[in-house]
Amino acid sequence: MSPIDHFAYGLVTPVASYIMSSTGSLLGLLFAARARGAEGSSRALWLGGAALSIGGTGIWVMHFIAMMGFDVMGTSIRYDVPLTVASALLAIVVVGAGLFLVSHRENSTGALLAGGLLTGLGVAGMHYLGMAAMNMSAHVSYDPLLVGLSLIIAVVAATVALWFSVRVRGALATTGAALLMGFAVNGMHYTGMFAIGVELHDTSAPTSGAQGMDFMLPLLVGISMLSLGLLLAIFLSPSEEEMREDARLLSQLRRDRPSENTRPAGSMEPHARPARRHEPSLFDDHGSGH
Numbered sequence: 003m004s005p006i007d008h009f010a011y012g013l014v015t016p017v018a019s020y021i022m023s024s025t026g027s028l029l030g031l032l033f034a035a036r037a038r039g040a041e042g043s044s045r046a047l048w049l050g051g052a053a054l055s056i057g058g059t060g061i062w063v064m065h066f067i068a069m070m071g072f073d074v075m076g077t078s079i080r081y082d083v084p085l086t087v088a089s090a091l092l093a094i095v096v097v098g099a100g101l102f103l104v105s106h107r108e109n110s111t112g113a114l115l116a117g118g119l120l121t122g123l124g125v126a127g128m129h130y131l132g133m134a135a136m137n138m139s140a141h142v143s144y145d146p147l148l149v150g151l152s153l154i155i156a157v158v159a160a161t162v163a164l165w166f167s168v169r170v171r172g173a174l175a176t177t178g179a180a181l182l183m184g185f186a187v188n189g190m191h192y193t194g195m196f197a198i199g200v201e202l203h204d205t206s207a208p209t210s211g212a213q214g215m216d217f218m219l220p221l222l223v224g225i226s227m228l229s230l231g232l233l234l235a236i237f238l239s240p241s242e243e244e245m246r247e248d249a250r251l252l253s254q255l256r257r258d259r260p261s262e263n264t265r266p267a268g269s270m271e272p273h274a275r276p277a278r279r280h281e282p283s284l285f286d287d288h289g290s291g292h
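The numbering used here numbers the first residue of the sequence shown as 3 and each following residue consecutively.
In case anyone wonders, no lab produced these hints; they're calculated from the structure.
Any given hint could be a false lead.
[Stated by the list, open to error] Each pair of labels, with its calculated beta carbon distance range:
{"#": "1", "residue 1": "Leu147", "residue 2": "Phe9", "range": "17 to 27 Å"}
{"#": "2", "residue 1": "Thr111", "residue 2": "Ser143", "range": "32 to 42 Å"}
{"#": "3", "residue 1": "Thr177", "residue 2": "Leu222", "range": "16 to 26 Å"}
{"#": "4", "residue 1": "Arg256", "residue 2": "Gly172", "range": "29 to 39 Å"}
{"#": "5", "residue 1": "Leu181", "residue 2": "Ala235", "range": "20 to 30 Å"}
{"#": "6", "residue 1": "Thr111", "residue 2": "Leu238", "range": "34 to 44 Å"}
{"#": "7", "residue 1": "Ile6", "residue 2": "Asp204", "range": "16 to 26 Å"}
{"#": "8", "residue 1": "Asp204", "residue 2": "Gly150", "range": "24 to 34 Å"}
{"#": "9", "residue 1": "Ala173", "residue 2": "Ser78", "range": "40 to 50 Å"}
{"#": "10", "residue 1": "Phe9", "residue 2": "Ser78", "range": "17 to 27 Å"}
Bear in mind that the values here come from a model prediction, so they are computed numbers and not experimental data.
No residue lacks a Cβ here, since even glycine has one placed at the ideal position from N, Cα and C.
Hey, can you work out the whole structure from these sequences and the hints?
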């Protein structure tokens, strides 16, 4: 009998992780939609919010919640804090890189495939870095076939997610895309988890690191506040259509505004005074009467 239990709390952790991944994906797609109608620094801020939502909430938080259901009989599990934090940063950075790549070349298949490859491998790296952060009194090994399958799922899921970020529109389509993304993220996670094999060590030495619950309380509080702030930012901001309409109006106003260089040749300067008409005087030769 294997000492590994992937669902120590039953359906609580997989259901909670799916809800979190779908919620983060939905927020990210809404941010990406706002980014499509923005320009300059505003566009970068919206894309940054999308990376934080998808990479931070939809992927890393989902991963950590699912990990709470992972248990190995005969040993306690602790977490290396620096590696765990590094895995979170990696998820956000690679998702952000993929979003920025496809958003600046929306109609480029090459950019989409490159972004999907970069993001997918980065997300898989986040997963296995998070797994490496687990400390236990056991030797951990991986099934190469399942690891390879998890990499394929990660790349395909990332490519589809990036395509959604530049194509999906409408509340129903966005919600459906987020639910599909949540399923893909969980599928990649549990495929990678099932690749694990452990061999317990015959030692009673204490395991170093932090307990999983040490992360949970600040994680839940922080994510709740972050999600509330992101939702407020979305609801208080104009929609993609409104932003595009504002941009069109501004562009039209700029085209209709007369330029100094295009002023008609016969027009006078605003403050120029008209030349006084010359009236004949008694001192003119032709008006002297001689």
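How the hints compare with the structure:
In this structure, Leu147 and Phe9 meet the distance hint of 17 to 27 Å, their C-beta atoms being roughly 22 Å apart. Roughly 38 Å separates the CB atoms of Thr111 and Ser143, a value that falls within the hinted 32 to 42 Å. Restraint check, Thr177 to Leu222: a C-beta distance of roughly 24 Å satisfies the suggested window 16 to 26 Å. Range check, Arg256 to Gly172: Cβ separation about 31 Å, and the 29 to 39 Å hint holds.
Taking 20 to 30 Å as the suggested C-beta distance range, the pair Leu181 and Ala235 conforms, at roughly 22 Å. The hinted window of 34 to 44 Å between Thr111 and Leu238 holds, with their beta carbons roughly 35 Å apart. At about 18 Å, the beta-carbon gap between Ile6 and Asp204 stays in the expected band of 16 to 26 Å. Evaluation of the 24 to 34 Å hint for Asp204 and Gly150 yields a pass: the beta carbon distance comes to about 32 Å.
About 45 Å separates the C-beta atoms of Ala173 and Ser78, a value consistent with the hinted range of 40 to 50 Å. Between Phe9 and Ser78, the C-beta spacing of about 18 Å keeps the proposed range 17 to 27 Å intact.
This entry satisfies every hint, going by the numbered hints stated previously.
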